[in-house]
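In the order they appear, the protein sequences are chains A and B.
Going by this note's numbering, the letters in the first sequence line up with residues 2 to 239, in that order.
Going by this note's numbering, the letters in the second sequence line up with residues 7 to 436, in that order.
Hints were generated in silico from the structure; no laboratory data involved.
Think of the CB as a built atom: it goes at the ideal place given N, C-alpha and C, for glycine as much as any other residue.
Hints are supplied without guarantee of correctness; some may be wrong.
Computed far set for chain A versus chain B, every beta-carbon distance over 12 Å [as the list claims (entries may be wrong)]:
1) PRO123
2) MET145
3) SER181
Residues from chain A that face chain B, not an exhaustive set, calculated with beta carbons under 10 Å [stated by the list, open to error]:
4) VAL32
5) THR33
6) ARG42
7) PHE57
8) ARG61
9) ARG100
10) GLY103
11) ALA108
12) HIS109
13) ARG116
14) SER121
15) TRP125
16) LYS142
17) LEU212
Take a look, some chain B residues computed to stay more than 10 Å from chain A by CB distance [what the hints assert, rightly or not]:
18) ILE146
19) ILE259
20) VAL267
21) ALA276
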Amino acid sequence: MTEWGMAIDVDRCTGCEACVVACRGENNVPVTGPVESSRGRTIEWLRIERYMEGAFPDVRMRFKPVLCVHCDNAPCVKVCPVSATYETPQGLNAQIHPRCIGTRACAHACPYTIRFFNWSEPSWESPLEQTINPDVAVRWKGIMEKCTFCVQRIRRGEDTAKEEERPVRDGEVDPACAQSCPTRAITFGDLEDPDSVVAQLFKSPRAELPLADLGTGPRVAYLQEGEWRGSVRARSRD
Amino acid sequence: MEASERDREIEDSLLRHVFETGRGFYLTVAALLTIIAFGGLAWMEQLQGGLGVAGMNQPVYWGLYITNYIFFIGISHAGTLISAILRLTGAEWRRPITRVAEVITVVALIMGSSNILWHLGRPELIYLPLIEPQFLSPLIWDVGAISLYMTGSIVYLYLPLIPDLALLRDRSPRLRGLYKLLALGWTGTERQHARLEKAISIMAVAIIPIAVSVHTVVSWTLAMMLVPMWHTAIFGPYFVVGAIFSGIAALMIAMAILRKVFHLEKFLGALQFNNLSLLLVTMSCLWAYFTLAEHLTAWYGNEHAEMAVLSSRLTGAFAPYFWGMVIACFVMPLAILGPKKTRTITGSVVASTFVLMGMWLERFIIVVSSASHPRSQQMWDAGTYSPSTVEIAITAAEFAAFILCYVLFAKLFPLVSIWEVKEAPEVEAG
């Protein structure tokens, strides 16, 4: 059985946010606009966190793409009263939109704060509605949504492989963020396959699991040299 | 002969507010309905525009509605628990106040759980947790605990009402059919009395663990999550203590209003207020102990995320609320109700008002200050929470509806248990 995972090399990340844009386009992530965004209602399945090292003028900026880590022992799954979120056999933490009743308990349970609520009905200003990806359902107000590891791309890859009567090749399936990264900082693949690039990267001494001490079992690893001594900066809203 | 005259007197004075309807009643109902109507409009706006019209955001996904939910369910411990414990310990002075307390319980439970309706993103699916529950979720435990408590407290309110319902059936100029139906053919025979006492005793014992479980489970909705300063074992008992504390305060305020409006001075007297005041002071000390234990543990542990929450409470954005809460929940009750000179009815009402405000603030601080500081540090204060007009209007409507339910109950049923007061006439004067 496949178990999907991702390795992100933060030493390669330039903070260009191409992944953020690609994710938004691929997954029909609604644009909330500057007003709602300034009130903390931004929806971005993938965000770039910024960390500052040093003091002016000797300053260094580090960037970290943050997305759902698809926990092996997901706190969000346990608290949902109606099983609107669950773990698939392939290790994806999936959200069933029609089941969601909007308690927002999962949003608090998630220690990564990477689940998003639709505070209003999503809308696309003309002609942006023509950019909507027909492979992905558009959500509606009152429900949670989150990163799916681009499950539609995974299914397409699996279908192609099945037609050609072969297993899915390593590197064949890429989520939009991985595909669009100009520095190839994001690697996606099967963690169960010991020869896959992502499985190798998980074994790297540079690999670190986010908030690993909580025991959530993330399926996203960050690769970096040494410790970050940078201070935490407030999240950008522009 | 003399005894029956006194009985008649008790009946008359306690049934007056059921039989006589003045202008005040209609004015009160109209005023309350206006506030509720504004709340209704606000809810309609929220249904149309989504929860974005409320002040919540990422990371503060829970706000005023959850605060009110915890607060009202806390208030509900007034009744059943207090009157059950007092009944079991044979405290005779509780006779005139048990029903006042039990009505608070039922109405507060209805108000508290109604918050789920405006809290949910999709209230039209509110039935889904009932038909397809996921039992690992603390929210499902809530559903179970509150349903059980609601059922139990309605039964516990109803049982001691039966003899009074029979009295109404015989004496009421209107609604005789309703009272006859509800009185279940009560005639007041020895056997009926024995059975009733037995049933009430069983309910009084049963309701105590249920009441304790309810606010424990409510606290677990927060405590089961990995959120800093929610994820603590103290929350269960801390919430139960806070619930009883605020319940006593709500009870004394209700008693003070009722004795003035319905002229029940003879029944709800200085004795009751004095004893409840002492209970309130005890609970205030317990509450302060729990608050100290909770915050000292977090402070000494000095864990990064917890310290962020703690310092936001002690010195940061929530400091005015936090210290306001400490003054209202601990300093004021002790200062006012400690000295015998100020432990009067007026004094206990003032102290109770402080306690209610303080306990509401406590729920607000617990929910919002932790939610503002999740483990993901970049989210700290990404969205600050302040309630919107919609949330405030709905909150006002909840309080108005709470009073309205109380007023309507008083129109239909006696607020002081007539047969129980008759059985123990020596305590009536208080």
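The hints, checked one at a time:
1. A beta-carbon of chain B is positioned within 12 Å of the beta-carbon of PRO123/A; the least distance is around 10 Å.
2. Interface exclusion of MET145/A from chain B breaks down, the closest Cβ pair being 8 Å apart, not more than 12 Å.
3. With a minimum CB-CB distance of about 22 Å to chain B, SER181/A clears the 12 Å threshold, and the non-interface call stands.
4. Among the interface hints, the one on VAL32/A is violated; its C-beta lies about 14 Å from the nearest C-beta in chain B, farther than the 10 Å criterion.
5. At its closest, the beta carbon of THR33/A sits 9 Å from a beta carbon of chain B; the interface hint therefore holds under the 10 Å criterion.
6. With a least beta-carbon distance of about 6 Å to chain B, the hint placing ARG42/A at the interface is held under the 10 Å criterion.
7. Below 10 Å, beta-carbon pairs count as interface contacts, and PHE57/A has none with chain B, the closest being about 21 Å; its hint is therefore violated.
8. With a cut of 10 Å, the hint placing ARG61/A at the interface with chain B is violated, because the nearest CB-to-CB distance is about 17 Å.
9. Among the interface hints, the one on ARG100/A holds; its C-beta lies about 7 Å from the nearest C-beta in chain B, closer than the 10 Å criterion.
10. Taking 10 Å as the C-beta contact cut-off toward chain B, the hint placing GLY103/A at the interface holds, the least distance being around 2 Å.
11. Annotation: interface hint on ALA108/A holds; nearest CB of chain B at approximately 4 Å, less than 10 Å.
12. Hint status for HIS109/A relative to chain B: holds, with the closest Cβ pair at about 5 Å, below 10 Å.
13. Restraint check, ARG116/A versus chain B: the minimum CB separation of about 9 Å is within 10 Å; hint holds.
14. Taking 10 Å as the C-beta contact cut-off toward chain B, the hint placing SER121/A at the interface holds, the least distance being around 4 Å.
15. Hint status for TRP125/A: violated, given a least beta-carbon distance of 16 Å to chain B, over 10 Å.
16. With its C-beta approaching chain B no nearer than about 4 Å, LYS142/A sits inside the 10 Å limit, and its interface hint holds.
17. Among the interface hints, the one on LEU212/A holds; its C-beta lies about 6 Å from the nearest C-beta in chain B, closer than the 10 Å criterion.
18. With a least beta-carbon separation of about 5 Å from chain A, ILE146/B fails to lie farther than 10 Å from that chain, contradicting its non-interface assignment.
19. In this structure ILE259/B is separated from chain A by more than 10 Å, as the shortest Cβ-Cβ distance comes to about 32 Å.
20. The beta carbon of VAL267/B is kept farther than 10 Å from every beta carbon of chain A, the shortest such distance being approximately 39 Å.
21. For ALA276/B, the non-interface assignment is confirmed: its Cβ lies about 46 Å from the closest Cβ of chain A, beyond the 10 Å cut-off.
The structure does not agree with the numbered hints 1, 2, 4, 7, 8, 15, 18 stated previously, though it agrees with the rest.
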